[in-house]
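Engineer: Taken in order, these protein sequences are the chains called A, G, L and V. Take the numbering used here: the final residue in the first sequence is number 312, and no numbers are missing along the way. Take the numbering used here: the final residue in the second sequence is number 312, and no numbers are missing along the way. Take the numbering used here: the final residue in the third sequence is number 312, and no numbers are missing along the way. Take the numbering used here: the final residue in the fourth sequence is number 312, and no numbers are missing along the way.
If chains are identical, the list can't say which one is meant, so a pair holds when it fits in one copy or spans any two.
Only pairs whose alpha carbons sit at most 25 Å apart, straight line, appear in this in silico BS3-like list of lysine-lysine: (1) K257 <-> K171; (2) K143 <-> K171; (3) K227 <-> K311; (4) K171 <-> K140; (5) K252 <-> K144; (6) K163 <-> K177; (7) K90 <-> K177; (8) K171 <-> K144; (9) K311 <-> K187; (10) K143 <-> K311; (11) K140 <-> K179; (12) K140 <-> K252; (13) K143 <-> K252.
Worth flagging that the hints you see were computed from the coordinates, not collected in a lab.
4 protein chains.
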Amino acid sequence: MRDVQNEVDYRNLEIDKVGVKNLRYPIVLLDKYNDQQHTIATINMSVNLPHRFRGTHMSRFIEVLNRHRREIDIHRMGDIMKEMKKVLNAESAHLELEFPYFIEKQAPVSGAKSLMEYKVKIIGSLNDKITMTMGVSVPVITLCPCSKEISEYGAHNQRGEIYVLLRFKGFLWIEDVVAMVENCGSAKIYSLLKREDEKYITERSYENPNFVEDVVRNVADKFNKNENITWYQVDVVSFESIHNHDAYASIVKN
Amino acid sequence: MRDVQNEVDYRNLEIDKVGVKNLRYPIVLLDKYNDQQHTIATINMSVNLPHRFRGTHMSRFIEVLNRHRREIDIHRMGDIMKEMKKVLNAESAHLELEFPYFIEKQAPVSGAKSLMEYKVKIIGSLNDKITMTMGVSVPVITLCPCSKEISEYGAHNQRGEIYVLLRFKGFLWIEDVVAMVENCGSAKIYSLLKREDEKYITERSYENPNFVEDVVRNVADKFNKNENITWYQVDVVSFESIHNHDAYASIVKN
Amino acid sequence: MRDVQNEVDYRNLEIDKVGVKNLRYPIVLLDKYNDQQHTIATINMSVNLPHRFRGTHMSRFIEVLNRHRREIDIHRMGDIMKEMKKVLNAESAHLELEFPYFIEKQAPVSGAKSLMEYKVKIIGSLNDKITMTMGVSVPVITLCPCSKEISEYGAHNQRGEIYVLLRFKGFLWIEDVVAMVENCGSAKIYSLLKREDEKYITERSYENPNFVEDVVRNVADKFNKNENITWYQVDVVSFESIHNHDAYASIVKN
Amino acid sequence: MRDVQNEVDYRNLEIDKVGVKNLRYPIVLLDKYNDQQHTIATINMSVNLPHRFRGTHMSRFIEVLNRHRREIDIHRMGDIMKEMKKVLNAESAHLELEFPYFIEKQAPVSGAKSLMEYKVKIIGSLNDKITMTMGVSVPVITLCPCSKEISEYGAHNQRGEIYVLLRFKGFLWIEDVVAMVENCGSAKIYSLLKREDEKYITERSYENPNFVEDVVRNVADKFNKNENITWYQVDVVSFESIHNHDAYASIVKN
Numbered sequence: 059m060r061d062v063q064n065e066v067d068y069r070n071l072e073i074d075k076v077g078v079k080n081l082r083y084p085i086v087l088l089d090k091y092n093d094q095q096h097t098i099a100t101i102n103m104s105v106n107l108p109h110r111f112r113g114t115h116m117s118r119f120i121e122v123l124n125r126h127r128r129e130i131d132i133h134r135m136g137d138i139m140k141e142m143k144k145v146l147n148a149e150s151a152h153l154e155l156e157f158p159y160f161i162e163k164q165a166p167v168s169g170a171k172s173l174m175e176y177k178v179k180i181i182g183s184l185n186d187k188i189t190m191t192m193g194v195s196v197p198v199i200t201l202c203p204c205s206k207e208i209s210e211y212g213a214h215n216q217r218g219e220i221y222v223l224l225r226f227k228g229f230l231w232i233e234d235v236v237a238m239v240e241n242c243g244s245a246k247i248y249s250l251l252k253r254e255d256e257k258y259i260t261e262r263s264y265e266n267p268n269f270v271e272d273v274v275r276n277v278a279d280k281f282n283k284n285e286n287i288t289w290y291q292v293d294v295v296s297f298e299s300i301h302n303h304d305a306y307a308s309i310v311k312n
Numbered sequence: 059m060r061d062v063q064n065e066v067d068y069r070n071l072e073i074d075k076v077g078v079k080n081l082r083y084p085i086v087l088l089d090k091y092n093d094q095q096h097t098i099a100t101i102n103m104s105v106n107l108p109h110r111f112r113g114t115h116m117s118r119f120i121e122v123l124n125r126h127r128r129e130i131d132i133h134r135m136g137d138i139m140k141e142m143k144k145v146l147n148a149e150s151a152h153l154e155l156e157f158p159y160f161i162e163k164q165a166p167v168s169g170a171k172s173l174m175e176y177k178v179k180i181i182g183s184l185n186d187k188i189t190m191t192m193g194v195s196v197p198v199i200t201l202c203p204c205s206k207e208i209s210e211y212g213a214h215n216q217r218g219e220i221y222v223l224l225r226f227k228g229f230l231w232i233e234d235v236v237a238m239v240e241n242c243g244s245a246k247i248y249s250l251l252k253r254e255d256e257k258y259i260t261e262r263s264y265e266n267p268n269f270v271e272d273v274v275r276n277v278a279d280k281f282n283k284n285e286n287i288t289w290y291q292v293d294v295v296s297f298e299s300i301h302n303h304d305a306y307a308s309i310v311k312n
Numbered sequence: 059m060r061d062v063q064n065e066v067d068y069r070n071l072e073i074d075k076v077g078v079k080n081l082r083y084p085i086v087l088l089d090k091y092n093d094q095q096h097t098i099a100t101i102n103m104s105v106n107l108p109h110r111f112r113g114t115h116m117s118r119f120i121e122v123l124n125r126h127r128r129e130i131d132i133h134r135m136g137d138i139m140k141e142m143k144k145v146l147n148a149e150s151a152h153l154e155l156e157f158p159y160f161i162e163k164q165a166p167v168s169g170a171k172s173l174m175e176y177k178v179k180i181i182g183s184l185n186d187k188i189t190m191t192m193g194v195s196v197p198v199i200t201l202c203p204c205s206k207e208i209s210e211y212g213a214h215n216q217r218g219e220i221y222v223l224l225r226f227k228g229f230l231w232i233e234d235v236v237a238m239v240e241n242c243g244s245a246k247i248y249s250l251l252k253r254e255d256e257k258y259i260t261e262r263s264y265e266n267p268n269f270v271e272d273v274v275r276n277v278a279d280k281f282n283k284n285e286n287i288t289w290y291q292v293d294v295v296s297f298e299s300i301h302n303h304d305a306y307a308s309i310v311k312n
Numbered sequence: 059m060r061d062v063q064n065e066v067d068y069r070n071l072e073i074d075k076v077g078v079k080n081l082r083y084p085i086v087l088l089d090k091y092n093d094q095q096h097t098i099a100t101i102n103m104s105v106n107l108p109h110r111f112r113g114t115h116m117s118r119f120i121e122v123l124n125r126h127r128r129e130i131d132i133h134r135m136g137d138i139m140k141e142m143k144k145v146l147n148a149e150s151a152h153l154e155l156e157f158p159y160f161i162e163k164q165a166p167v168s169g170a171k172s173l174m175e176y177k178v179k180i181i182g183s184l185n186d187k188i189t190m191t192m193g194v195s196v197p198v199i200t201l202c203p204c205s206k207e208i209s210e211y212g213a214h215n216q217r218g219e220i221y222v223l224l225r226f227k228g229f230l231w232i233e234d235v236v237a238m239v240e241n242c243g244s245a246k247i248y249s250l251l252k253r254e255d256e257k258y259i260t261e262r263s264y265e266n267p268n269f270v271e272d273v274v275r276n277v278a279d280k281f282n283k284n285e286n287i288t289w290y291q292v293d294v295v296s297f298e299s300i301h302n303h304d305a306y307a308s309i310v311k312n
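Work the whole structure out from these sequences, hints included.
Structural biologist: If you want it as structure tokens, here you go:
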């Protein structure tokens, strides 16, 4: 029988990435406060394919994942990519995980506990060396400074989202990224708020108005002062309550 | 050659609906103020299939749609369904269209004009008689009465969505449904607002706080008083700015 | 301070459902083969609101969920709804959970093990009595009988999805629903397939062509013969490889 | 009254992009065969913001769009961006449009006509000079060469998507991009197919098996030979019928 994948392709075209996409798999992650956290990831795995080969071996990606899915953290992703390179005879390997991550939060006045979801993305690439990039999406409330200034009372506010993409030296917990970012809007938000907490957040956000322009600078300023962060992109989206479209601002570190 | 679709199925199971789904097609609709409006619909078309037939003829749905797509309004959908029944030898026919619809709005103070998008769904069924149901999704701003009451200043507010599903006697313009519904929140929203408009909406919504419970009742109350509306369902969702989940209320007319 | 939620609404309009929507929360479920399974649910919780009250107490929903999220199964959902009724002074309560659920499968020839994702929805309502409905989405391959018949060689096939919604007497495992449904298409599908498995599935689906009309009847026929299933709706969608739209069939048990 | 947007920000942080996002607006495009085409775009508009200004003027984006939305083509986008730069006193401007575009196709044997949807994205940037990038998503059928080789009969096939991102010299019609790309899979697909067309496509795809690796090279090879294309990225996704995840390949021109 012909081994179709190992046939030769004569067009001299190297493929940058070939692999599996949108695979959904349960994984277990390191958690800063609870040892480990179970979640569900959407996974892309790929390698390069030299110009002389026609195809890769898709089932091997799943086999590698099966061996490692119970103990994933950002630093062990390098081992997974090394194994991908090896079993697929490749020169580069790429692994992307996107998953919901939950952190227990305490309401600001009552102290009531609940879980907040943060969407996380981890993008790893292994060529000669490993590059890891972490993306974290943090929901906040934004209150418009212009609306506050021009109005007799009140100010429009809304749910917003700060999406950061980071490269860094050493270890970085998802929990620490959230802690750095979540107070860069007008106020933090929570799943469970008692009446006294709602009062606090309403007043706090009114005292602390922020354009998307302010929020993106608040985050960039913090990241600039953190010497472990070597590169970042910050995107802020505000789901404007007075419009049906969004306000947006972005800073990318050169 | 066997005609596979016309083979007999012996299991005595009538199929309620068989057809095409998620077909994307450009259509032209009647517009109350501009004669006609071009939009893009996501379309489901189906008929019943008596128990003695194995399959339907999927290509005929597309042929019927091709003949009618340039002149669609709610009242001509009956003709399309009659044609579907006929060419597919069926006893019932169903046609669902979902599309963005744009209405020109004037900002409340400056009068600046812009277009607002409303998501519309029209669901038609033809058995012995025709049933038409119209769904319209209207974005609004909601401002929380509790937050206003308990706070020294400010009140959390956010984008909300009022989704109505209606049956009615006679003709009903999408524009008229939007006009009935859009002032049932704390304020209307717009694509283009100058500074004086932003001030107006900020103050207007602060003066007019509404829970989702209030909004859903505001709409139901209006619909109850309109004798052409024979049935409705109203769903209100508020994308809470202090949470990352939504508040929700629903009333269905018995 | 005014208790705004407990104010009286004079319009005499009962609200059918009021509550929280699109709350994302990690939950732990009973698993037929592994004791328990961690997953992430999208949750809607609501109660009715009598006409005399202005608002409900949204934070209480989260508190109830917090108490129960670590041990959820279909039969304990009744207890959660009873608690919702009680703490919210309501006459009816509704709880909807939607989550990915993973089952280990063995490839048909090699026996290679991997995890397959099934999207599950559980909808509970408590009025005087409890109604539970389970929805399970099962991906399959469908191969077109007409294409096979008319072509010299080959037959178009594609990924399809069987979505079942069920009511039943006694206990029903998600695993058992999947087992009933997954062989109603042209072949079962898997996350990990070795070459011998791919050969098996290719040939198996070619030997077993099925229209969406056939698939929906295959499932309905099975459910009709299962005396524990008291009601069902079956929807089959085939993501046609020769079109950019889908074929669709549906049977609802009267 | 304070002009909050024009206040000074002292943190010395230039914002790369600030503007509006996810604005939905009806637009009119040049059409190669029918003069013009109405469609609905999702629009992002942004400019840079020098470090000394606190905020931009969001309403001006909508005003610029209002003036131009009825006559958009790739070459006039430069004028829109120039106007954005001017009215917002910026040094750079960015305009992204994403919209469905329909092209009439004739079935391969019967010649039956229908409309196919292609998702299009146009990304413009104006700094000192203008950069335009066009993205087009083309659905195709892919048939697996390995499955054909190892199986006694049949071969798994499925819907796939070729997504190209292009930069080019001179004028490039969307219609021409689709024509270049759509025959790089195992067969083209259509909205309306009669029985003789279905036979043709089934047999054609069986005679022309292609891995995602083959498809991505087919496209890259064509683009390399077209001297007007100065840069490209090609991504191919195949919605594998034997799996619930996708196969993927990508080539980026250096």
